[in-house]
Amino acid sequence: MISCSKCRCCYCCCRRRCSCWTFNMLDVYNILPHVTSLPLPFRIIGHLLRIVWMVLTTIYAIPPYLVWTFLVFPLRFFYLDFYWMIEGFLFSGLLAIISSWLITGQYQIIETGDDINYILDENVLLIANHQSTADVPALMDLMHSKANLSKRVMWIIDSTFKYTHFGLVSNLRGDFFITQGKDARDSTLQQLRSHLRSTFHTIPRKWLVLFPEGGFLRKRKLASQRYAKKQNLPVLENITLPRVGAMQVILEEMAERKTVANNNSINNDPKFKYVVDVTIAYPKGRPLDIHGIGIGYWPPCHILMHYRIYPANKIPVDNKGLTDWMNELYIEKEKMLGNYYKHGVLLSMTDQQKRDFPRIGARQISPDLLGDLLYHTFYIVSAYIQYTVISSILRNWW
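Under our numbering, the letters of the sequence shown match residues 1 to 398, in that order.
Treat the hints as calculated values from the structure; they're not laboratory data. You may find that some hints are simply not true.
Keeping only pairs whose Cα atoms sit at most 30 angstroms apart, straight-line, the calculated DSS-like set for lysine-lysine is [said to hold, decoys possible]:
1. K314 x K335
2. K314 x K206
3. K314 x K151
4. K284 x K221
5. K206 x K273
6. K230 x K182
7. K146 x K206
So the derived label-pair ranges between C-beta atoms look like this [what the hints assert, rightly or not]:
8. E252 x I44: 51 to 57 angstroms
9. R43 x M85: 42 to 48 angstroms
10. N339 x L40: 35 to 41 angstroms
11. F78 x L38: 52 to 58 angstroms
12. W397 x F78: 26 to 32 angstroms
Glycine included, each C-beta is placed from N, C-alpha and C at the ideal position.
Start from the sequences, fold in the hints, and give me the full structure.
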């Protein structure tokens, strides 16, 4: 059951209206039959149409983004702020398109926990549990709903995505690609340290996103459970024990530290002020995936995101202290997820920890559908203009 943040009444995953209901543009989608509710022949047609929709949006968005970014690239040498303002607009448009995949599929984000709206303009490290390929578009949808946040986020992404179309975008934006595995661990962490020093402060970024588990739940679960048994730690079912290497590097380089006795700080420049822990929960513990979202394979549902905000200067940086702190954090996440999956208890009801920020009830993300439509229009027109110009140049060239 999901509780309304205004009247505190409950409404279930079929999104029954509560007593304080007012019209929301999302209801236009909610009253339409979902692909999965149609008879089989129409369901197949619906899935095919959504495949076409997903492919078309990718075609008319990614190439124009790359072309526009290439055309304005010289501005980086003369008007750097103006360049990043243009790039931020272009990237926000990409996130609007990704958000539309979730909206049209009736996959809606519900926020609970500490209110992150208070720290949108602060320097923040965001960590989240990682279950499937749906985690990233869900987080992108979340960030797109927050004013000006989406353009100010740096992502730490698995290196397997580096040479995809999204990887090209991430390369241009200064995101970091992390390589998994013991052999590459030391070199990758050193590269991350160098990247943070050379890149994070030279581009207008405020938030950094990290998945400490280092991979999808289904891939890491058994190895994590074996490790937990060897270390006499709780065996987790809904998440895996976090890896602390990348987070330790980030905190050492970027976290705001306490002032020590000689009036010098461990880190003189104020950097990350807060760490936001996000617990992502899917219906009945069955994660969605980006392909299922794209074709509308999954029935309409809510994706829960529960926030916990911690001051960065209170988190230990040494390996043992950070490992213990992260393990405790993830054991608490396991309890919240277990209660939600087994008994339907909201994550916020299980989370009894006292923190400094006000909490929100269950709050549904409300996208700016008109703004998103304008982004789609911009990219469609851009694709047409660029195709026309490039085709004309190629014809004259040959």
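The hints, checked one at a time:
1. Our distance criterion of 30 angstroms between C-alpha atoms is met by K314 and K335, whose separation comes to about 23 angstroms.
2. This hinted pair checks out: K314 and K206 have alpha carbons roughly 19 angstroms apart, not beyond 30 angstroms.
3. Of the pairs offered as hints, the one joining K314 and K151 holds, with about 28 angstroms between alpha carbons and a cut-off of 30 angstroms not exceeded.
4. Straight-line distance between C-alpha atoms of K284 and K221 comes to about 17 angstroms, which keeps the hinted pair within the 30 angstroms bound.
5. A hinted pair counts as satisfied when its Cα atoms are at most 30 angstroms apart, and K206 with K273 qualifies at roughly 10 angstroms.
6. Distance restraint check for K230 and K182: the Cα-Cα separation of roughly 18 angstroms lies within the 30 angstroms cut-off, and the hinted pair is therefore satisfied.
7. Restraint check: the Cα-Cα separation between K146 and K206 comes to about 13 angstroms, which is no more than 30 angstroms; the hinted pair holds.
8. At roughly 53 angstroms, the beta carbons of E252 and I44 sit within the given window of 51 to 57 angstroms.
9. The beta-carbon spacing between R43 and M85, approximately 44 angstroms, falls within the hinted interval of 42 to 48 angstroms.
10. The beta-carbon spacing between N339 and L40, approximately 37 angstroms, falls within the hinted interval of 35 to 41 angstroms.
11. Taking 52 to 58 angstroms as the suggested C-beta distance range, the pair F78 and L38 conforms, at roughly 54 angstroms.
12. Taking the beta carbon of each, W397 and F78 are about 29 angstroms apart, inside 26 to 32 angstroms as hinted.
Violated hints are absent here; each numbered hint is respected by the structure.
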